[in-house]
Every structure is written in structure tokens, then in C-alpha cells.
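So the protein sequences, as listed, match chains L and V.
Heads up, the final residue of the first sequence is numbered 595 in numbering that gives the first Met the number 0, and it's a clean run with no missing numbers.
Heads up, the final residue of the second sequence is numbered 158 in numbering that gives the first Met the number 0, and it's a clean run with no missing numbers.
Please keep in mind that the hints were generated in silico from the structure rather than gathered at the bench.
Just so it is clear, CB atoms sit at the ideal spot from N, CA and C, and this is done for glycine as well.
To be clear about the criterion: a stretch of chain V counts as covered by chain L if any three or more of its residues have a C-beta under 8 angstroms from a C-beta of chain L, and this derived list gives those stretches:
hint, segment
1, 35-45
2, 92-101
3, 106-117
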Amino acid sequence: MNGKPPFYRRYVVVAVACVIFAVAALVQMVRINYTPFATDLIARSENYQGVRKTIYPPRGTIYDRKGNILATNQIGYEVGIDLKFVSDPESIAFAAATLFDGLDYPDVYALASTEKRADENRYFVLSSYVSKDKIQELEQLDANYTLRRQETKSLKPSLSGLVWYPMQQRTYPEGTLASNVLGFYNYFSRENAQGVFGVEEAYNRLLTGKPQTVFMPNDPYLVEALPDIEPGASLILTIDREIQKMLEDTLQAALDWSGGEGGTIIVADPKTGEILGMASTPFFDPNQYWKYQETFPGITPYNRAVGTAYEPGSVFKVITMAAALDSGVAEPTTTYNDASGVYWVANSWPIYNWNYGAWGVQDMTGCMQHSLNVCLAYVAIDLLGEELFYEYLQAFGFGRSTGIDLASEANFPLRLPDNNQWMEMDLATNSFGQGIAVTPIQMVTAISAIANDGRMMAPHVVRGVVDKGQQYNVTPQVINNPISAEAARAITEMLAYSLEEEASGALVNGYRVAGKTGTGQIPTELGYTSTQTNTSFVGWGPADDPQFVVYVWIEKPTISQWGSEVAAPVFRDVVEQLVKLMRIPPDNIRQQIAQD
Amino acid sequence: MKNQILQAYKQAPWRIQLQWIGLFLLGLVLIASITGVYLSISAQAATSGRRIQYLESQISTINNEIAELTAELAAAKSVDSMQSRAQSLGFIPLNPHNAIYLEVPGYNPHADLVLAPPRVNIISESPTVLSSYRTSLWEWLVSNIWQTPTGDAPTEGVQ
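Put together the whole structure using the sequences plus the hints.
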């Protein structure tokens with residue numbers, strides 16, 4: 000015996016072999032981590048560990064000013080084929096082609112019969128945002144197939160592999176109502192979905208919230224609660240849906256009656272700048288936003304109220320007269336002798352009245368009442384002068400955007416005297432709303448200053464934001480004081496008196512309102528050769544305490560070319576219903592209540 | 000003496016075996032205990048993980064149902080739907096000249112809609128957690144043993 004246990008050498012050999020194997024395994028493990036395949040291997044291993052998923056927070060709800068929902072989310076379903084589980088491609092193809100529009104049997108069959116590979120998960124989307132009704136039909140069919148399999152004790156028919164997942168989709172429960180203000184959300188492409196037009200676009204980031212990508216492990220030991228994902232912020236609009244509905248109905252009726260090509264009606268609160276209603280044609284159902292091109296062919300604006308600049312015509316005389324009164328160059332009693340019915344600009348270009356007639360001696364109220372172009376040209380050129388006139392126009396906000404919180408606001412720059420193309424004729428025509436392009440919202444903003452004692456408020460459609468459980472209300476902002484309160488009240492009185500004297504079609508029984516008609520000629524390439532016009536009316540009331548401004552624009556009416564015959568009656572129709580919806584009593588009752 | 004003890008062990012070798020067996024069993028029990036605890040905790044963790052997944056799924060389902068019901072309610076309360084229901088119930092549009100106007104003190108028809116509490120910047124000065132839960136042992140010793148208590152007993156949170 001040499002002192003070593005039996006089989007000593009064998010033990011040593013086995014031990015050395017084990018050590019060599021362990022070292023080799025260790026070396027290989029280290030080597031693998033530094034080979035070019037390491038990244039690929041790590042990525043593959045992650046596939047087995049779980050899935051990385053982007054969670055999209057629900058898009059914020061949009062309410063009207065009274066809390067009625069204008070836009071929210073509902074459930075749609077994504078239907079797809081998970082190849083791992085497919086056992087009966089024929090049944091899947093039959094079910095999909097029968098239940099879902101746009102799916103053909105051969106196409107679905109080809110997808111469901113795709114060769115399976117062990118090393119990859121293959122999933123094909125068949126249809127997105129399928130309705131709940133369709134899914135219920137699918138579930139019923141699946142249940143029927145299960146029964147049949149049990150009866151026949153076979154593996155077919157089977158919808159195994161046909162899967163559906165719920166997902167939230169945008170819905171507008173009021174249909175076309177306020178669609179021109181709301182815009183739409185193109186949710187079909189989830190990764191690239193965004194708000195388009197209106198508040199959906201203007202407040203897209205707030206409404207969307209912050210999507211988060213989270214890792215969802217397969218290993219139950221590693222599962223953690225998902226992070227709290229805040230839904231997108233909700234918006235409370237200044238829009239009143241009853242007023243909006245009334246405006247859209249009235250506008251449609253007005254277009255049917257007048258033969259107008261399009262139109263806009265805006266109702267605003269002059270004291271806050273809140274837009275209470277904004278109707279614009281064509282009307283559009285954002286629930287079917289993919290039909291956008293059919294409704295808005297070519298360059299048709301989505302919302303004429305903010306997206307179209309046009310020559311407003313005589314409604315603009317309100318601005319010219321307000322400037323004259325505020326600057327002190329004229330008073331309501333200042334007279335002008337319209338002896339010939341023509342005003343010569345720089346002794347070269349004639350300006351005529353709307354009826355080419357001469358109206359004799361008129362005070363400023365008469366000039367506004369009869370809408371005399373020659374008188375307003377005289378006021379702009381001889382009394383105000385170019386410098387003062389354009390200063391006032393800029394003070395009223397013309398030539399720049401109003402900054403309303405809606406997407407795609409148009410703006411047409413002012414042609415000012417320092418521009419080489421400017422002529423004195425521009426000053427004359429601008430004074431009565433020709434040769435200058437404005438948007439309806441610019442007009443409403445400017446006129447609101449007159450209805451609000453000279454304070455011009457920032458127009459806006461969002462009244463409050465609800466985010467992370469807290470509400471942030473928008474504070475009305477004064478953006479300028481273009482004229483004094485005295486001048487504002489004076490022109491309001493002039494225009495209220497003018498309507499009464501004219502027995503205008505805009506008068507509203509029981510309510511004293513101020514306003515002005517407008518008939519704007521539409522320029523062509525050859526000048527003002529067309530007989531087509533833009534008819535407008537801007538009015539506000541009650542005259543002693545204005546609570547609303549209403550702007551009506553009917554484009555190219557066929558029944559008449561005059562604003563007094565087309566837009567003024569529409570204004571009356573709107574105000575008659577508006578006072579009910581705004582709970583404004585007739586003047587005599589309101590004044591009596593105020594006295595008590 | 001030392002030799003006597005060694006002699007005694009040599010005379011009873013089963014004692015050494017018993018000692019090894021005891022040690023082995025002790026190690027086995029220890030390992031079994033640790034394994035049992037580990038398995039128990041692992042099983043609970045796995046169950047909790049699956050429970051979390053289930054609850055997340057439930058939350059998602061409930062959120063979807065809430066969204067669906069909200070959309071259905073909004074459609075049922077849409078202006079067209081309400082108008083047609085009002086007409087079917089015999090309501091007619093108001094004529095403002097036939098209306099009776101009442102002044103209701105305190106009623107503001109133009110009041111802001113409140114969907115959530117307004118934003119508050121003021122940080123609450125009254126603590127929500129009792130001081131006894133926020134005081135460390137060291138602070139308690141300092142204030143109650145080494146320094147003379149200042150008199151009044153703390154009444155915070157006591158009604």
C-alpha cells in the first residue's frame with residue numbers, strides 16, 4: 000500500500016476533466032458575449048422574456064360649456080390572425096369575409112395559411128376599429144363552431160388563431176354638430192394619429208397625453224404593476240351646443256332659402272371674447288373623417304369663420320366710423336353733402352354709392368343708415384387721413400391673426416401706405432370694406448370692442464382645461480382698447496337708430512339691437528366685374544348692455560345680392576332664438592328687473 | 000487527561016458517526032427550511048405577479064367599459080336625441096314674449112362649469128400625519144428625557 004486510496008488516479012482524471020469542462024464553459028460564456036452575434040442573441044433572449052408595449056393614454060374628452068360631451072372615446076376592436084394558433088384557415092377566412100367589410104376570402108385564406116416558423120411570432124392585422132356588434136357576431140360564430148366540434152368530435156371548424164383586442168377610438172356623439180370647431184382625430188394609424196383642424200389640432204398635445212413604453216415580462220416573478228398613465232387633458236369649450244345647433248340649423252335654412260354657396264354665422268360674448276357658437280359650411284361628420292376629401296374638395300376651407308379672408312363690404316364701415324368718432328374728426332351730427340353721388344379720389348377715380356344715387360346732406364348717422372360709400376370715402380380721406388385710418392385698423396387687429404385657439408387661422412396682410420403698391424384709392428375703398436380682406440373672426444373681434452365699451456377681448460373657444468384631476472379656467476384677456484367707451488356707445492346708438500329708421504329686416508321684436516349690413520363685391524381677375532356678392536350682417540345687443548355679437552356671412556346668394564335682404568333676416572332669425580337660449584328677457588322686462 | 004478522552008472516543012466510534020449524522024441532518028433541515036421558505040415566497044410572488052396581470056387586465060376592461068358607456072350616454076343625450084324626445088313628450092319651443100321672468104337670488108346662469116377641483120397653490124399648513132409617527136426615537140428622547148417637556152401635552156390630531 001503506497002498511502003493513496005484505491006482508484007486515486009481515476010478520481011484525479013475525473014476531477015481534472017470536470018475542471019477543464021468548467022473552464023471551457025466559462026471561456027465560451029465570456030467569448031459569446033464578445034462575438035458579433037452577441038447583440039442578436041441578447042435581442043432574441045428578450046423576445047422570450049416578455050414584450051415591450053406602448054400604452055397610449057385615452058384621449059381627453061371635449062365638453063361644451065354646459066358639460067355636454069362633444070368628443071370622447073369608445074371601444075373599437077382590432078381583429079387579426081395569430082399564426083401560432085391557426086388550425087383551420089378555411090373557417091377563419093369564411094368568418095372574416097362574411098363579417099367584415101373589405102375582406103375577401105382568398106386574401107384572408109392566404110394569410111391564415113402562411114407557413115409557420117418556430118422561431119418567430121407572426122401576426123397579421125385584418126381589420127381595425129371593428130364595432131362591438133361585429134365582435135359579438137364573431138363570438139357567437141365561435142361558440143357555434145365549438146358546439147359543432149363537440150358534437151362531431153373533430154377539430155374543425157375552428158376560429159383558433161383569429162384574435163381580437165379592444166382599443167379606444169375617437170367618437171363624436173353629436174355627429175356633424177360643431178365639427179368645424181372640433182376638427183377631427185385621425186385615429187386609424189395609431190402611432191401617427193393626431194388632431195386635424197379645430198381644437199383637436201390646436202390642443203393636440205394636451206388632448207393626447209404622454210404615451211409610455213413599458214416592458215411586460217413573461218416571468219411572473221418580474222411582473223410589476225403598470226405605471227399610472229394619466230389620460231389626456233379634457234377641454235371645456237365656450238361653445239354652447241344648443242346655440243351651435245340653432246346656428247347650424249339656421250345657416251342651413253338660410254342657404255336653402257337664399258341659394259348661397261356657403262356661409263358662416265358666429266355668436267360671441269363681447270365681454271369675454273368667448274365664442275358661443277360658430278357655424279360654417281360645409282357640415283362634416285368627423286366620425287367618418289376619412290371622407291374629408293369628399294366634403295372639402297380642392298381648397299374648400301374646413302372652417303370659413305377662421306380660414307377664409309374675404310372683402311366684407313359695408314359692415315366694415317362700422318370700423319371706419321368708429322375711428323372717426325374716437326379720433327374726434329367727426330361726430331354723429333357731422334354732415335356731409337352728397338350732392339352728386341360720386342366722390343373723386345385724387346381727381347382720378349370715382350367712388351359711387353351702392354345705388355349710384357346722390358343722397359344730399361346727410362349726418363354721420365344718415366351715412367351709416369343709408370350705407371353711403373361716398374360719405375365713408377370722404378371720412379377716411381378728408382377727415383381721418385391715411386395715417387390715422389390705418390392706425391385704427393391695426394388697433395382693431397386687422398392685418399394680423401386674432402390668435403384664436405383654433406387651427407388654420409387665415410390672415411390677409413394690410414396694404415399700408417408705405418407699401419409701393421398702395422394708392423389713395425385703397426384708402427377710399429378700404430373705408431367701405433373693399434380692397435381689404437378680413438376673416439369673419441377678425442370682424443367679430445373688432446366689433447366686440449365696440450360692443451364692449453372699447454375693450455377688445457381675445458377670442459377663444461376653450462373655457463377650461465381639466466388635467467391631472469385639476470381644472471384650469473381660462474381668464475378672458477383684453478388685447479387692446481382701440482376706441483373709447485364714449486365712441487363705442489355713440490356708434491352703437493347710431494347703428495341701433497339706423498336699423499330702427501330703416502325698418503330693417505334685422506330688427507328683433509322686444510330687443511333693441513345695433514348692426515350694419517354689408518354687400519361685398521367679389522373681385523375677379525378683371526376687377527369687380529362679377530354680379531355675385533358676399534352678403535354680411537354684423538349686429539350686437541341688447542344695445543344698452545350688449546351680451547352678444549352676431550356675425551352672418553352668406554356667400555354668393557342667388558335670391559338677392561344685398562346684405563339687407565339676405566343676411567339681415569338671418570341675423571334676426573338667429574337673435575330671436577339666441578335670446579331664448581341665453582335667457583335674455585325682452586328689454587322692457589330686463590330694465591324693469593334692473594330698476595327693482 | 001487528554002489521552003483518556005481520546006481513548007474514550009476510540010472506544011465508542013459510533014459517537015463520531017452519530018455526530019456526523021447529526022451534522023448532516025442539521026444541514027439537511029437547514030437547506031430544506033431555506034428551500035421551503037424560498038419556494039413559498041416564490042410561489043407567492045408568482046401568484047402575486049399573475050394577480051397583478053389579471054388586475055391590470057381588469058382595469059383595462061373596466062376603463063374600456065366606462066369609455067363605452069360614456070359614449071353611449073353622450074349619444075343618448077345628444078341634442079338631436081333630446082330634441083326629438085322633448086317633442087314626443089309634448090314640449091314646444093318657448094316664445095320669450097309669453098315667458099314669465101323671475102329673478103332668482105344667487106342663481107348665475109353663466110357660472111363656470113366645474114368638472115374638477117380648481118388648481119390650488121397653497122400648501123396645507125396642517126400636517127396630515129401625527130407628529131408621533133414622524134418623530135424618531137432620538138428626537139423623542141431629546142425632547143422628553145434630556146430636555147424638560149414644555150408643558151402642554153400635544154393635542155395635534157386629537158379631538
